[in-house]
Amino acid sequence: MEFEVLGNKDTRSGFGEGLAELGQQNPDVVALCADLTGSLKMDAFQKAHPDRFFQTGIAEANMIGLAAGMTIGGKIPFTGTFANFSTGRVYDQIRQSVAYSKKNVKICASHAGLTLGEDGATHQVLEDIGMMRMLPNMTVIVPADFNQTKQATIAIAAHEGPVYLRFGRPVMPIFVKPDAEFVIGKADVLAEGTDVTIIACGHMVWKSIEALKELHAIGISAELINMHTIKPLDEAAILKSVAKTGCVVTAEEHMMNGGLGEAVSQVLSRKHPVPQEYVAVNDTFGESGTPMELMTKYHIDTPDVVAAVKRALARKPIII
Amino acid sequence: MENKALAGIASQVRRDIVRMVSAVNSGHPGGSLGCTDFLTYLYFEQMQHNANDFQMDGKNEDLFFLSNGHISPVWYSVLARAGYFPVAELGTFRKLGTRLQGHPSTDKNLPGIRMASGSLGQGLSVGIGAAQIKKLNQDPTIVYTLHGDGELQEGQIWEAAMYAAANKIDNIIATIDANGRQIDGDVDDVLSLGDLHQKWVAFGWEVLHMDGHDFDSIRSTMQQAKALTGKGKPVVIIMKTEMGQGVDYMVGSHKWHGVAPNAEQLQVALNQLEETLGDY
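Quick mapping for you: the protein sequence lines, in order, are chains A and B. Numbering-wise, the first sequence is residues 1 to 320 according to this note's numbering. Numbering-wise, the second sequence is residues 1 to 280 according to this note's numbering.
So that you can see chain B by itself, here it is in the shape it has in the complex (with noise of 0.2 angstroms):
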């Protein structure tokens, strides 16, 4: 797919985030808007899915797990507009007997989703046993994870990622949306990650970097990273994005962490955001 039409499917996803927080006053715009390039890409270009066909076993298809469950805004998005369920269904987001919970879950059968998270730092095993069956069962797809970098801080990720390496599962592209923020301020400073590309090369995974926010970076690092897989390691793309890219008063601040635009700044923010394929 060319940039450009990625680049038009990312406005309206963004466009989807924010009238979708704004509209129930909570939910996760930031971290949302800083992964929408990184999902837009996975789902439309680089997994091999099927969107008509949702089946929980994912047998023969890529699979993605979400690890930061509080960005379901952007699954949600994405997930509807590459056809996994009706657009209009986003407008249920967070509202009583909705599909579309929170955080992400497979309570209420929600195609494209295939296990709760929000809950940090389970979403790394989860994948890893999923990529171990692959192997088990001669599925050559891949098993994609996304992680905050905050969500880094939970000692389950650590477990996995030593589980992954000794047990070589290769089958396995974990991203951290590296955007240097958490709820209580910059990562740094609430508790320092160190060196992270070291402390994932110690672990013994393939450890690659890419700029988050320009699809020619992405494609080529995903590229790399899949062209690493079945090579014995692991394979973890550090992944540097802005929290709240693409509106301007939200970037690169964590106070849009968790909080919601009230009409007035969504408005603001549409105004940054061309409607490309419709809104919901």
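The shape of chain A in the complex, shown without the other chains (with noise of 0.2 angstroms):
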């Protein structure tokens, strides 16, 4: 199983080139940004069409209600700010105005997770995937490289309702083809295998690709899903692979709770009970240093991936 390094590139990129995109394909998208225009790669689209686009200036709460209401003469608002002003500090914006009035507003979402780096835990969200998994009428997206959350961009576009599109800062590998498919909610399998099933979204999806390779080193087949959608969830895909494999590892960057994990092991606990292991930021706030050297203290990184499926082959249920 060899991954083609396409380039290397931020995945926030993806989201204002797929943007610029849409701006020239649809005359009802209209982009809000909070002040921080150049951060989420909005300016391609602000300077080809500055009639579709709203500073908001600091004022999150406002920008929200400002999208929820610009649906109303049949646009579609695309918002843009980091994770945690997208999300916590508007939760009550969006239950109301977006999620519960079924607005088809996108919430985009830049510098999720402890990859924001340096700028401590203020910025780093690791909250947020489930505050918006716990919304009715919500949909939510974690792509996983610059293509992939570019082709999200588009896709969600032509999706009618609320949508959370969740993205990232730091520069990461790219391993999705320019020309792929995406389907909210049909989740990719990137590699195939036996032993056991690692499914992840976001930046973990590359460092689940990393630890293929170790794994493949010491003998073990793994089976590799990108669930770059959180919600609705492919439960079949879960479902098909966890019946070969028998053992789960989910990895994510975002808290252990309430994130991609418990979401799996819902499905797991209801329909196919099967020992799982997480990767995730377990119940602490994160803290200044470099995305990668984030990722390593507070084990996220490919060692704590491979880790995992250790433990969790060392779980499954001896057959004689």
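Among these hints, one or two may not hold up.
To be verified - 30 angstroms max Cα-Cα, derived BS3-like pairs, lysine-lysine:
{"id": "1", "chain 1": "B", "residue 1": "Lys-231", "chain 2": "A", "residue 2": "Lys-47"}
{"id": "2", "chain 1": "B", "residue 1": "Lys-135", "chain 2": "A", "residue 2": "Lys-47"}
{"id": "3", "chain 1": "B", "residue 1": "Lys-135", "chain 2": "A", "residue 2": "Lys-231"}
If you are wondering where the hints come from, they were derived from the structure by calculation, not from laboratory data. Predicted model only: the values in this text are computed from it and were never measured.
Using the hints, build the complex out of the two chains.
Encoded structure:
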């Protein structure tokens, strides 16, 4: 299983490119940003479509309300700010004016997780997937690399309803093909295996690809699923894989509480209980540091995926 | 419409309100009664709107957003009396399965409602967003919003106020229900708004004042507000009202903000409110 690295870019740039393309394709797409246009890579859209770009200033609650109101004239608003300010800061606005009201708002969130880096814990949201997946009517998407973030950005414009799109700051390897089809709610099986299923999202997909090589070297056959859509969750893909492997590792740049791992465990506990191990941040805030230092310190790095696989395998019932 | 006709509708709306909240022993009669004359005027005289063919996108018709969603009884009654849905449905208010949720909701597709409200402070942002898209769509109609004065304690209102003026959103008319009361008592005692007129002026809005229980005052002010649209500034009307207007034992008291009259109290209230259009 060779993964060709097609380049290195940040996922937020995939969002910026996708939004710029959407701007050309679809006159109903409008964009709002709360004073982070450069960080969100929304400049291209802003420059090409100044009449459809709304600078809200540092006022995220108002931005979400504006976006909800903008759907009423038939527009498709994309809001942009850091993940922390896209969710926790405006949870009630999203809950009432977007999710409950079923408004066609796309909440696009950059700098998610620890890999925001040096700014520290005030900005490193690790709870956002949990908050968003708890909301009825909300679709939650965490694409894995630059290409997939671009594809997802374009795909959500065609989806009627509220969406949370989560991406990040660091430059990471690109491995999704530029012409790959992005289907909301349909997981990508990146590698087939028989011993363990690794289910990952976001930056942890690449970390899991790296783990595959190490696992292969020690004779472990791992199946890798890129679960880019957390909600609705592709239960069929999980159950099909687990029927073969009998144990699971979930890997995410998010709190263990509320995240992808918990979503997967809900499926397994109801439909096919098997041992599951979690690669996630365990009930703690982050801190300042480089993205990769933080992934190592908070145990969401490649060796942590390998270790979790070993733990999961050790818990598999021995069939004689 | 003649003032007498408007007053007749308003009397029926007030009957609807007290009957609705009394029937389920819950809901918010105080603010509802206080905003009855305004909403009656708005829907029966001011707005260009299509009650018989409700469209969510509201293109080429005036829009209204109720930001202080707890006064849903008055809105539901006015919407029903204006023809958005059958008047008989008012009898389902707050009951299981109803489209007339405790606070307004789009969840069950009640005609006339385009946004959930209840958690306060959000409706001005929503209205401004809708107004900005009307401009983008070259739609000349107007967006109206209504807010409680207590609601102005929410910070999001002032984010929205700043945004609207900075962006010259001049196709919105916001109205403040200035009854001076909120759940815990007088607004001045709970958290004073200070000089509300000057606050809106400082935020860059055209500020008008009206008596929310005098149809002549409402008419002239609303006409003036409409004439001020399209001139580069958002418009706000500070509307003086009395909580509980129309029912003597409720008038001016915050105690009827969120308390329903019992059967005996209801009868006293109904004796003061003429049945003009037939009860639901």
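Unsatisfied constraints (hint numbers, rising): 3
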